[in-house]
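Using the hints, build the complex out of the two chains.
As you go down the protein sequences, you meet chains S and Z in turn. To convert, note that position 57 of the first sequence is 57 in the numbering used here; the numbers rise steadily by one, no gaps. Add 1000 to the 1-based position in the second sequence for the numbering used here, that's all there is to it.
There may be inaccurate statements among the hints.
[Said to hold, decoys possible] Here are the simulated distance ranges between beta carbons: (1) S68/S with D1154/Z: 36 to 46 Å; (2) D1140/Z with V67/S: 28 to 38 Å; (3) D1084/Z with G35/S: 39 to 49 Å; (4) D48/S with E1226/Z: 34 to 44 Å; (5) P1176/Z with R63/S: 35 to 45 Å; (6) D1084/Z with S68/S: 32 to 42 Å; (7) A79/S with P1176/Z: 51 to 61 Å.
Keep in mind that the hints were calculated from the coordinates and are not lab data. Idealized CB from N, CA, C, for every residue including glycine.
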Amino acid sequence: MTTPRPAETAATAAAAAPRPGDWPLWEVFVRSRRGLSHTHAGSLHAPDAEMALRNARDLYTRRSEGVSLWVVPSAQITASSPDEKDAFFEPAGDKPYRHPTFYEIPDGVHHL
Amino acid sequence: MRNATATPALPLGDDALILSHRLGEWAGNAPVLEEEVALANIALDLLGQARVLLSLAGDEDELAYLREERQFRNLQLVEQPNGDFAHTIARQLYFSTYQELLFEHLATTESELAPLAAKAVKEVAYHRDHAHQWTLRLGDGTDESRVRMQRALDALWRFTGEMFEPVEGLETVPWPALHDSWATRITHTLEQATLTIPDGPRRGGWTAGTGRQGLHTESFGRMLAEMQHLHRSHPGATW
Chain S
1 MTTPRPAETA ATAAAAAPRP GDWPLWEVFV RSRRGLSHTH AGSLHAPDAE MALRNARDLY
61 TRRSEGVSLW VVPSAQITAS SPDEKDAFFE PAGDKPYRHP TFYEIPDGVH HL
Chain Z
1001 MRNATATPAL PLGDDALILS HRLGEWAGNA PVLEEEVALA NIALDLLGQA RVLLSLAGDE
1061 DELAYLREER QFRNLQLVEQ PNGDFAHTIA RQLYFSTYQE LLFEHLATTE SELAPLAAKA
1121 VKEVAYHRDH AHQWTLRLGD GTDESRVRMQ RALDALWRFT GEMFEPVEGL ETVPWPALHD
1181 SWATRITHTL EQATLTIPDG PRRGGWTAGT GRQGLHTESF GRMLAEMQHL HRSHPGATW
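So that you can see chain Z by itself, here it is in the shape it has in the complex (with noise of 0.2 Å):
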């Protein structure tokens, strides 16, 4: 297999792989149809970004189904597991804001990302607004609501960090800028929904480490194993 780890399109493209394989767990298991249909969308949107941006990398087929699991580099955040739909909200809430931001400055760079990213705003800024949506409704909604959603965003604040560590191969990026904006709008969104700003450690000693290195979370295998079986199975299988 290439190296491909000198471009940022593999930490890029493995977010949205991996997060896309993520939300379509939820075929077949989602509240209701028409949300079941919404975020089958947003897994689709994702899976397109992934295979260009891991085409941009390498092979797409081999990256993603014939990589272990320390050669990813996605962030943490992605691969935690779906939980409840709160849990799904407030990953989505976090991640499609951090997207939006990066992909609004990349379409502006001369960067090789630069057209994908400025096709791919556009998808991002209704994800955000769909978790935006729910996540007022869900903060503002009944007690239990409210509790599972402040639970869900209070659980994966520790993997909010290291989505601002520098990414290598995208040094000119402003990181802190971007993190500052990415406040902002979390901010923003829980005071609408009534609900509390998570405090506590976001990165160094007491946070999860970091994906882009390639060290992942415990559930991060298994997710991996039933991504990637098929393929293993029936090398080179086609329709």
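So that you can see chain S by itself, here it is in the shape it has in the complex (with noise of 0.2 Å):
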């Protein structure tokens, strides 16, 4: 990609109208059946929250995957850098005494 003059960048957007092209991003979660949590299932394009929320219906649940959406603007997501991965979470990498593995789950505790 390469990167507008600044001269470029105003007139361009003195010119342009807003295009589809701007609307935001927004992440949409998918909660698949009663009991469990949202999930993460894509994301996709929307001039507002009502509009994202129903092209969320069209594109991820045509196929009975959900019974409750959410959608989020992905500019309010606060996300770990690459970056600061080994020490996020490699330290946790050695200490298999956290994991509850010691235990016994009992019968029909499903979703541990």
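Okay, structure coming up:
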């Protein structure tokens, strides 16, 4: 991708009316059935939250994938940085005693 | 071909089939991918309705692919070309509001159409909501979108009277009451969208005649040619 020069950017912004490509990005979360939590399904563009919900319905729940939908503006999500991966996650790697693997899971308990 | 004019499944099936085909023409041409999928979903819902309805009237393939223009009983509204996006939305708003009211009524009757109507009314409620949401955004959007939405509503207004003409086999439908509910809902949407309710004739000498009697507008023949071309070129072909 080439970076436009400042003069070009200003001229383009002044000339162009809002285009569909300017629509914000939304993250879509689908609850597949009652009792489960919403799971990230993907993302889409939409002019506002109400339309994002409808687009999500059309894109992600046509085949009975869900009973509830959330849409969240992608810009509102704060993500961990790949550069901090080691500091964030690696120290947990060699501490198996933190995993609840030393317990018997009673019969009939799902989704643990 | 069987004489299929006796059942009201034919005109209602033709409405669904023809509008489905028109909406399908947006595939590859819609303004954004998300909207293309939305319009295709609506088109597929309508195609599903058309298959059930035309099967009640005869052989669905024969009816869809081998009839001549004059034998189609769809409203002239649904055959109108897509135009710009605002035209498509105006057509959707007028038609899906009508279809929802009609199916709501039919679902409560003993008619052979009741099971289809009861199932389809949920789909149609979504179609109407989709058109309603877009009407609000185009009407109360930019100067350009507002002009285009108003132009589309005005242009299609003269095709709306036909929806409430009695249909053969549906004599028990309270058409005037259906019309009043339709007008109330359309007025509500347009007022919310800060648009003007079109005035002007909707039936009678100045309107476009009636598709229910097999009279269609100029662009319908071309649409039909495209829709039927493959089947007529390769009769009986299968995948």
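So, going through the hints one by one against the coordinates:
| no. | hint | verdict |
| --- | --- | --- |
| 1 | S68/S with D1154/Z: 36 to 46 Å | 40 Å, holds |
| 2 | D1140/Z with V67/S: 28 to 38 Å | 32 Å, holds |
| 3 | D1084/Z with G35/S: 39 to 49 Å | 46 Å, holds |
| 4 | D48/S with E1226/Z: 34 to 44 Å | 36 Å, holds |
| 5 | P1176/Z with R63/S: 35 to 45 Å | 41 Å, holds |
| 6 | D1084/Z with S68/S: 32 to 42 Å | 35 Å, holds |
| 7 | A79/S with P1176/Z: 51 to 61 Å | 59 Å, holds |
Comparing the model with each earlier hint shows no violations; every hint is respected.
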